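Enquirer: If you want the building blocks of each chain, they are given just below.
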Amino acid sequence: MLGKNRVIFPGEKVLLALSGGPASSAMLRQVQEGLSRETAKRLRFVPGLVYVDEGAVCGQSPAQREENLARVEAIVQATGFPYYLAHLEQAFDLPGSILRRGPRGGDKPCPSYKEAVEDFIQQQRQEAADGDGAASLPQRLAQLRTQDMPAGGDPAAPGTRLPAAACTEELVQLFEAAETLTAKEELLQMLRTHLILHTARTQGYTKVMMGDSCTRVAVKLLTNLALGRGAFLAMDTGFMDSRHGDVAVVRPMREYMAKEIAFYNHFFGVPTVITPALRAKRREKTSIHRLMEDFLLGLQAEFPSTISTVYRTGEKLSTAPAEAGSEPGAEPQRCLLCLCALDTLAEEDLALEPTLIAEEVAQRPQGPAGDGCCHAGTQGSCCQSSPTPGAESRAAFLPLLCYSCRLTFKEMVRQRRARGGSASSGRSRAAPRGRSGDPCPPSLPIQHGPSPSRRATQTRCHPTCARRRSAGAAGTTGDTGALLRAGPGLAGPHDGPARGAAGWALRPGLSLPGLR
Amino acid sequence: AAAAICLVCSFHFRGGAELLFDGVKKHQVTLPCQPEPWDIRNLLKWIKQNLLKERPELFMQGDSVRPGILVLINDADWELMGELDYKLQDQDNVLFISTLHGG
Chain A
1 MLGKNRVIFP GEKVLLALSG GPASSAMLRQ VQEGLSRETA KRLRFVPGLV
51 YVDEGAVCGQ SPAQREENLA RVEAIVQATG FPYYLAHLEQ AFDLPGSILR
101 RGPRGGDKPC PSYKEAVEDF IQQQRQEAAD GDGAASLPQR LAQLRTQDMP
151 AGGDPAAPGT RLPAAACTEE LVQLFEAAET LTAKEELLQM LRTHLILHTA
201 RTQGYTKVMM GDSCTRVAVK LLTNLALGRG AFLAMDTGFM DSRHGDVAVV
251 RPMREYMAKE IAFYNHFFGV PTVITPALRA KRREKTSIHR LMEDFLLGLQ
301 AEFPSTISTV YRTGEKLSTA PAEAGSEPGA EPQRCLLCLC ALDTLAEEDL
351 ALEPTLIAEE VAQRPQGPAG DGCCHAGTQG SCCQSSPTPG AESRAAFLPL
401 LCYSCRLTFK EMVRQRRARG GSASSGRSRA APRGRSGDPC PPSLPIQHGP
451 SPSRRATQTR CHPTCARRRS AGAAGTTGDT GALLRAGPGL AGPHDGPARG
501 AAGWALRPGL SLPGLR
Chain B
1 AAAAICLVCS FHFRGGAELL FDGVKKHQVT LPCQPEPWDI RNLLKWIKQN
51 LLKERPELFM QGDSVRPGIL VLINDADWEL MGELDYKLQD QDNVLFISTL
101 HGG
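Protein chains in written order, with UniProt numbering: chain A, 1 to 516; chain B, 1 to 103.
Keep in mind that the hints were calculated from the coordinates and are not lab data.
Predicted model only: the values in this text are computed from it and were never measured.
One should not assume that every hint holds.
As a list, the in silico EDC-like pairs of lysine to aspartate or glutamate whose alpha-carbon atoms are at most 16 Å apart [stated by the list, open to error]:
1. B:Lys-26 with B:Asp-39
2. A:Lys-285 with A:Glu-179
3. A:Lys-259 with B:Glu-57
4. A:Lys-259 with B:Glu-79
5. A:Lys-316 with A:Asp-246
6. B:Lys-48 with B:Asp-75
7. B:Lys-26 with B:Asp-63
8. B:Lys-26 with B:Glu-79
9. B:Lys-25 with B:Asp-63
10. A:Lys-259 with B:Asp-77
11. A:Lys-285 with A:Glu-115
12. A:Lys-285 with B:Glu-57
Model the full assembly from the supplied sequences, consistent with the hints where possible.
Expert: Here it is in structure tokens:
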């Protein structure tokens, strides 16, 4: 797989993302084998390992987490590679730069593998000549403005390696804020990816290997379609994912089925550490991910070529070239959270528009009837009339997110109001609203049809008001930590206004792409 | 007289399946002697009644195991041995590996 897609250069530092599960453990074993061969086909990169402890959100007790960590550490120590154990709680300490592409955007395809390797080796020599490579790392760290990630976070309980209970509690609350299991799973994946990416950046790794098996990739393909990420399928499931710029994510196990991997692990004695997955509060309320997994595996039992067919079809997808409409060389606007090109900018996106209209209406206070969003009066006043500061911050964020990230985000910063259900735009409601155009409260004569003048007003209002406010003093920030912290704070009315306002601190000099 | 078949077998649960069995990965079991032969179908019913500690729908689906759970009989895929119709022999070793995400 690596030989076919020649993207890893000899001597390059590659980070292996271990989850403890069968696929990533098999990947580790294969890397060990590949490195130890004496032939010319020996793998020649420098591996490191990272493990993210997610026990806090999977309902594990601290004792269980410690035990898991001990087992994982035993396994990684035996390999002899450098390893990093991270906790999901550390996601709160991530710098804002995690949400931006790295300095070296890898969009231009290399002319040929050989030249790319030569370039790479030359660069390594350069860095070595610049004082043993020591200069580059501090420089890079300064660029990232990393906050310190001490091993245990805040003063942890003595004798343990887990982060402080307060951090864990905060993380659990964050996940509690997301109502559906689907949103929780998406959030978990997002945080995990960011943590791994951050580890790679700070430790100088340019590639990350994820252990997604063929089965997992096929399930992900269909799940992402259902989540509204159809535009990004190639990036989410392809062999190489270079959305982050300086760090590329590679999936070398994507051709091996879960069954093959299970047999391999059994016959070759590959150690694994299985941790329980996210649990739903009620048994029936499963997630789209689980549903799709059940569906595909059920089909596979009867028709054994199902998964490979889905996989092969997905293989034909390729990342789209830059839009023909925009100026050549212009960077497409990217989603804040998942760094994929925004797919919500098209003005003729009718499926999305009624959702936006309904939300806009839902957020407005029960004002005088007949008030359109930006009727008469000044454009700024509509947003100022929002009841809580949370609404503006939330509205400020939404235009920066792609469609599926919006759905996840909306669940977390749901406004709990006296009116109850109508304000919430949970995933279960978002889709039908968009398509059938659920009625707004009858007192407001807002049209749903695409009338040009109204539509122009609406589109002009929603993103621009939001952006204008955010470009102002206390608008938005690229800080994942603040974003996450303010999430559950906004959701609770008792906590909301004070915490929400305090959470949005503007970082000087950090401007988000796309804001004018 | 009909010969009662008594079997001593071992069952292993891996890949997350052990979480449904109190975390116990290896079970050495003497199956109760009975005139009917022990095929996998009957075995699964017995396991569901006696070994499975929680959430049976995560392990079984109807007569058979849930799709996504692999069954190895003496280190061979059960599809080669006849799946549910395979007749257990004495000292057989049955391994259940879950490839699912979990409950």
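Enquirer: Now tell me, hint by hint, if it's right for this structure.
Expert: Hints, verified against the model:
1. B:Lys-26 with B:Asp-39: With a Cα-Cα distance of about 20 Å, the restraint between B:Lys-26 and B:Asp-39 is violated, given a limit of 16 Å.
2. A:Lys-285 with A:Glu-179: holds, 10 Å
3. A:Lys-259 with B:Glu-57: violated, 21 Å
4. A:Lys-259 with B:Glu-79: Holds - the C-alpha atoms of B:Glu-79 and A:Lys-259 are around 13 Å apart, at most 16 Å.
5. A:Lys-316 with A:Asp-246: Since the Cα atoms of A:Lys-316 and A:Asp-246 sit roughly 25 Å apart, the hinted pair is violated (cutoff 16 Å).
6. B:Lys-48 with B:Asp-75: violated, 22 Å
7. B:Lys-26 with B:Asp-63: violated, 23 Å
8. B:Lys-26 with B:Glu-79: violated, 22 Å
9. B:Lys-25 with B:Asp-63: Since the Cα atoms of B:Lys-25 and B:Asp-63 sit roughly 23 Å apart, the hinted pair is violated (cutoff 16 Å).
10. A:Lys-259 with B:Asp-77: Holds. A:Lys-259 to B:Asp-77 sits at ~10 Å (cutoff 16 Å).
11. A:Lys-285 with A:Glu-115: violated, 52 Å
12. A:Lys-285 with B:Glu-57: Distance of about 14 Å is within 16 Å: holds.
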